[in-house]
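Chain U is already provided as a structure; the job is to place chain X on it using the hints.
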Amino acid sequence: MRFWALFKRDVLVAWRKKSNIYQPLVFQLLIVTMFPLGLGAGAQTLAKIAPAVVWILALLSTLITLENIFKNDYEDGSLDVYVLSGMSLPTATLSKAAAHWLTTGVPVILFAPVIGVLLHLPAQAYAVLMLSLLLATPIFSLLGTVGSALIMNIKNGGMLLSVLIMPLLAPVLIFGAGAVLETTLGNSAFGHLMLLLGCTVLSITLAPLAAAAAVKINLE
Amino acid sequence: MNRIVKFYHEMGSPPSFYRITSHWLKPMLWLAIVLTVYGLIDGLLMAPTDYQQGDSYRIIFVHVPAAWMSMFIYGIIGISGIITFVWRMKVAEAVMMASVPIGALFTAVTLLTGMLWGKPMWGTYWDWDARMTSELILLFLYIGVAGIYSAYEEDPRKAARLAALVAIIGLVNLPVIRYSVYWWTSIHQGSSVSLMGGANGIQHWDMLRPLLVMALATKFYYIYSMLARAQTYLLKTERKKQWVLEAIDQQTNHNNPAGAK
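Here the protein sequences line up with chains U and X, keeping their order.
The first sequence maps to residues 1 to 220 in our numbering.
The second sequence maps to residues 1 to 261 in our numbering.
Since the hints were made in silico from the structure, they are not lab data.
Model, not experiment: these values are computed from the prediction.
Glycine included, every Cβ here is placed at the ideal spot set by N, Cα and C.
A few of these clues could be false.
Stated by the list, open to error - Simulated restraints on C-beta separations:
# : chain 1 : residue 1 : chain 2 : residue 2 : range
1 : X       : Tyr182    : U       : Ile49     : 20 to 28 Å
2 : U       : Gly42     : X       : Val86     : 55 to 63 Å
3 : U       : Leu209    : X       : Gln251    : 39 to 47 Å
4 : U       : Lys8      : X       : Leu245    : 50 to 58 Å
5 : X       : Ser13     : U       : Ile49     : 51 to 59 Å
6 : X       : Arg239    : U       : Ser78     : 33 to 41 Å
7 : X       : Lys240    : U       : Ile49     : 25 to 33 Å
8 : U       : Lys48     : X       : Leu105    : 53 to 61 Å
So here's chain X without its partners, still in its complex pose:
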């Protein structure tokens, strides 16, 4: 118990966060790469052909994990936004702002792969269907958080608190936006995976496996990318602090044992 409490407190302080997580980057990246390669081979080559959609359904192995991540990351941003706003923790600020570009990227990937999937299946790249529209609105929410931060960038702490406020407002509004858009209209197919085993979802384990592998791969990629960005964020915002100078010193000595400056 004591070690968990200690770990928890250490993760809240920028120097120890930087020290601990710098060991995590490589394993996370490798896990992400290996799982992506395996998932793509399994999904694109080995999984059985769909009886209705033929081979075009295979884009699901990119589309659905990206869509999950786009929503999952907004949740992370909302939670770290609340922590930023209430307790003003610097690490939470770093995690929040590091997650924004990754989440926006996954949202864009979801939209693009969805459009490519829509052309053979629905005969059109874009249709103002509920899921597509709410995903597009999600992209706007990401842009809003990034936009307010960059407008106040010269004062990063203030920028982070305002961005946190925008993220929280978005989080409160997300259910309203989602349901309003759903009641509006929908031609999108239902959920692909349901825990209760719905009749419309994927039934076949050979199809489900690569999907879950890809979902894990995107999670590990997110952890890798988020930690790397959060570290850079902390180095940048704390650049006048002693620990940053020491960390940079260590890095240069490590790369350059002769000590030539």
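The following block holds chain U by itself, in its conformation from the complex:
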């Protein structure tokens, strides 16, 4: 099936150039070091902001990888080949999003506990933290394909990409970081997680269509 062929190809390309995979994690590590330096190393202060910081770092480190989802394919012409192959465009963009999630989202989820430990995140919050990121990272990748498709033939489109994507990610951050925060306060995160799941389902349904429309306009 073409979906899997494209998926395998994208994962392989990312895997061959390993910096794609570890760059976001190094970025997170660099930024998280800045927080104790700026705020003071008090465990209580850090634990208080930990849910938000872990989440924002996951978001920002994904954001820096989004620009290239379509850019390379557009520049070397392989995007034209996908379109000419008769493959349905929403399927192609969904496949791109899935590959991006596997190579960026999954490492970010697995790395989140490390950032949590560095910020003294309370022990009861780790399960919810990883669960909330498991629900949210697909949204990052899916909206990322939309943003990347919109800016693929602009030079230095990274800033524009952030302007386009960030407002759409506000609800995700509210529900996701909210879920972790509620857990650290000893409350149930069920409501937040369900709303987050709603956002995930919504973006799986709609984002491939929007990304496909943007690709189509850009290739005309």
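Structure of chain X alone, referenced to chain U:
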């Protein structure tokens, strides 16, 4: 019926849109000016003082109409975005791109007057309250639409379709953003005007009247400004077409009866 259908079709074609709406500009501008002057005098000088907020509440006559317009114009952008995207109508592109700077401006005015109102009432210029935050996010959405257009500006038709796509995505997301931010937290006062006559809203006709007048004034200003910008947009994007040359010719002859070129 026939005339309405004809009018509808004429408004879809750039030359007749330009011809028809160029007669509308002056009346709209005058209506906006007269209503603004009346509304401001009525609101700032005549309306009774609020029993709780004193005279500082009077900024409502700028703040609330601007806030209504900031959302109303995004709705217009979304609708003309859908028309642009599906039917590729040039007039819809012009209306959409002409509305973006006006909407962004009203959003900025809403935020600024809100901050000025917040200082005496809440004791702070800014608080991360739900309405303020969602208004700020609305400003980002406007900036996004304008940004994607200016990035592709050398190809205006493509730029307009991509901007329309961004506007539609924003429109779909607006309810999600709004509710998520609302559930987050709020200290903002409730709605000032409710059709069902809620207990917290404005009850007094002398206060309500200037508010409604100002709401009308901002609508007329929007129509004026949007049409003027849409006309310029059409002249710019269609500059190689015959009708533009004729329109410019007519304009210069009109200003210059001697015909000196």
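Violations among the numbered hints: 7, 8
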